[in-house]
Amino acid sequence: MSEFLMPSLGADMESAVLMQWKVKVGDKVTKGQVIAEIETSKGVIEIEVFQDGIIEKILVEPETECRVGTPLAIIRSDEENIPVSSATAAQAQTEETPLEKAKPDRSKDTTQPQRVKASPAARKKARELGLDLADLAKTSDGEIHLSQIESAAETEFKTPSADKMRQAIASAMSLANAEIPHYYLSASINMSPALSWLEEINKNFTIKARILPAAMIIRAVVLALKEVPELNGYWQEGHHQVCKEIHPGIAIAIRKKGVITPALLGAKDMNLSRTMQALDDLIMRTRAGKLRGAELTQQSITITNLGDLGVENVYGVIYPPQVALIGLGKIIDTPWAQENKVTVQKVMKATLAGDHRATDGRTGALFLDKFNRILQNPKELL
Amino acid sequence: MNKEQIKTSIIEQIRIIAPDLEYDDIPSDENLQNALEIDSFDFLHLLNALYEQLGVQVPEADYGEVDTLNRMAAYFAKRIK
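Chain order of the listed sequences is H and Y.
Adding 6 to a residue's 1-based position in the first sequence gives its number in my numbering.
Adding 111 to a residue's 1-based position in the second sequence gives its number in my numbering.
Everything labelled a hint here was simulated from the structure, so no lab data went into it.
A quick note: this is a predicted structure, and the numbers were derived from the prediction, not measured.
A virtual CB, placed ideally from N, CA and C, is assigned to each residue, including glycine.
A few of these clues could be false.
Stated by the list, open to error - Quick list of in silico lysine-lysine cross-link-like pairs, BS3-like style, CA-CA up to 30 Å: (1) H:LYS63 to H:LYS30; (2) H:LYS37 to Y:LYS114; (3) H:LYS214 to Y:LYS192; (4) Y:LYS189 to H:LYS209; (5) Y:LYS118 to H:LYS262; (6) Y:LYS118 to H:LYS263; (7) H:LYS376 to H:LYS250.
What the hints assert, rightly or not - Computed footprint of chain Y on chain H; a stretch qualifies when at least three of its residues, placed anywhere within it, have a C-beta under 8 Å from a C-beta of chain Y: (8) 211–225; (9) 253–267.
Using the sequences provided together with the hints, build the complete structure.
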């Protein structure tokens with residue numbers, strides 16, 4: 007018998023709202039299965055169970071805000087076919103009660119809010135926009151309708167969820183800048199060979215199957231990390247840990263809201279086409295607010311590409327406990343000297359930010375060299 | 112389908128990708144990706160949606176001819192029968 011707890015999806019997360027159960031009491035669940043949806047400042051996240059078993063009891067109703075670590079459900083492992091002992095049941099009971107108190111502090115200075123009358127569509131929209139129905143109820147008689155939510159959203163241009171996201175980024179980045187001794191290295195990479203190679207490949211593909219340069223570049227980063235694994239990992243409790251799997255966090259902009267860097271899980275085992283599909287899927291789900299818990303917690307390195315906005319050099323701040331960040335700039339037509347001739351080539355600046363506690367500049371230099379070599383010989387990318 | 116109707120279709124597809132944009136926010140003669148902050152993935156989705164609707168595939172080599180709303184509409188108008 008074990009408790010399924012509200013997971014922590016990052017050091018900056020204090021609580022989240024349980025939105026929906028995907029299972030019911032008596033359902034069999036397997037490790038890795040999505041069993042619930044929670045709403046955090048990063049959108050609606052699907053959360054997974056970490057064991058095989060049967061849902062014995064659901065402790066929290068949908069639309070309840072819970073602190074990290076709050077028991078949400080009880081799961082009986084497959085072997086335990088015995089009925090619940092009274093001791094366990096009693097324990098479950100006592101742990102169930104503090105739930106109401108687990109609401110965040112902002113409810114402290116207001117009277118316990120009554121459930122606001124609102125149409126289901128209005129409720130859904132308000133949730134999407136991060137508006138507080140209780141605030142709206144103060145200025146409205148009777149039930150709140152969708153049109154009221156929409157007009158409220160227009161006046162409230164900066165939504166609270168955007169603010170929350172800003173706060174989350176602020177705390178993580180302050181910590182990173184205070185604790186991590188960064189070093190920076192950068193290299194100019196001639197992208198012309200890889201881009202022409204990709205164009206040839208794409209000629210045979212329908213639009214749907216086309217591969218974008220962004221996916222090809224991520225694939226090249228992953229291949230280079232296989233050769234220089236020290237940059238892919240964590241600095242935790244004074245130790246450098248190399249991560250076996252490669253789960254690059256990809257910086258993805260969300261219109262008008264900010265940036266999230268979910269992990270492209272298991273990138274090491276993806277070929278080029280698969281990398282493109284998985285990346286496209288990740289971007290779509292990030293923008294739709296449909297990420298999984300693991301995607302927000304398992305990043306082993308960060309890749310940020312600001313090329314679309316015309317930036318040439320990206321000097322990033324490492325996201326702890328990771329030990330490196332790769333910044334990629336815009337691909338620009340540049341005079342390029344090679345074999346005593348100057349030609350115009352498509353050139354990209356790649357920058358590495360490394361944690362000097364975990365690695366030295368030499369490791370970073372090896373990585374950039376490998377990354378460059380792969381892009382000069384793009385067939386390796388398939 | 113005339114050029115204006117195609118333009119309307121393109122705008123509708125852009126608004127699926129970027130719902131925060133109003134009809135009038137979409138400029139006719141500016142580079143779409145820069146003006147609207149849509150990335151290469153969004154742009155690929157736009158071309159794919161238009162292919163499904165209008166039956167015309169834009170090869171990568173022609174991307175330079177579909178960079179603004181007007182030029183994109185003209186490109187499709189020429190190729191749809």
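Check: Is it true that the CA of LYS118 (chain Y) sits at most 30 Å from the CA of LYS263 (chain H)?
Finding: holds (28 Å)
Note to self: Next pair to validate is LYS214 (chain H) with LYS192 (chain Y); report whether the Cα-Cα distance is within 30 Å.
What the structure shows: Distance ~23 Å between LYS214 (chain H) and LYS192 (chain Y) Cα, so the pair holds.
Note to self: Hint check: LYS118 (chain Y) vs LYS262 (chain H), CA-CA at most 30 Å. Holds or violated?
What the structure shows: Between LYS118 (chain Y) and LYS262 (chain H) the Cα gap is close to 25 Å, so the pair holds against 30 Å.
Checklist line | Outcome, coverage of the stretch 211–225 of chain H by chain Y - at least 3 residues whose beta-carbon is closer than 8 Å to one in that chain | finding: With 7 residues closer than 8 Å to chain Y, the stretch 211–225 of chain H meets the three-residue bar; holds.
Next item on the list: Measure nothing beyond the straight line between the CA atoms of LYS37 (chain H) and LYS114 (chain Y); if it is 30 Å or shorter, mark the hint as holding.
Entry: violated (54 Å)
Next item on the list: Given that the stretch 253–267 of chain H was listed as covered by chain Y, double-check it with a C-beta distance under 8 Å for 3 or more residues.
Entry: holds (count 3)
Check: Holds or violated: LYS189 (chain Y) with LYS209 (chain H), Cα cutoff 30 Å?
Finding: holds (21 Å)
Checklist line | Straight-line alpha-carbon gap LYS63 (chain H) to LYS30 (chain H), limit 30 Å | finding: Within the cut-off at roughly 8 Å; holds.
Notebook entry, point to check: Straight-line Cα separation of LYS376 (chain H) and LYS250 (chain H) no greater than 30 Å?
Noted result: holds (19 Å)
Violated hint for the displayed structure: number 2, the only one.
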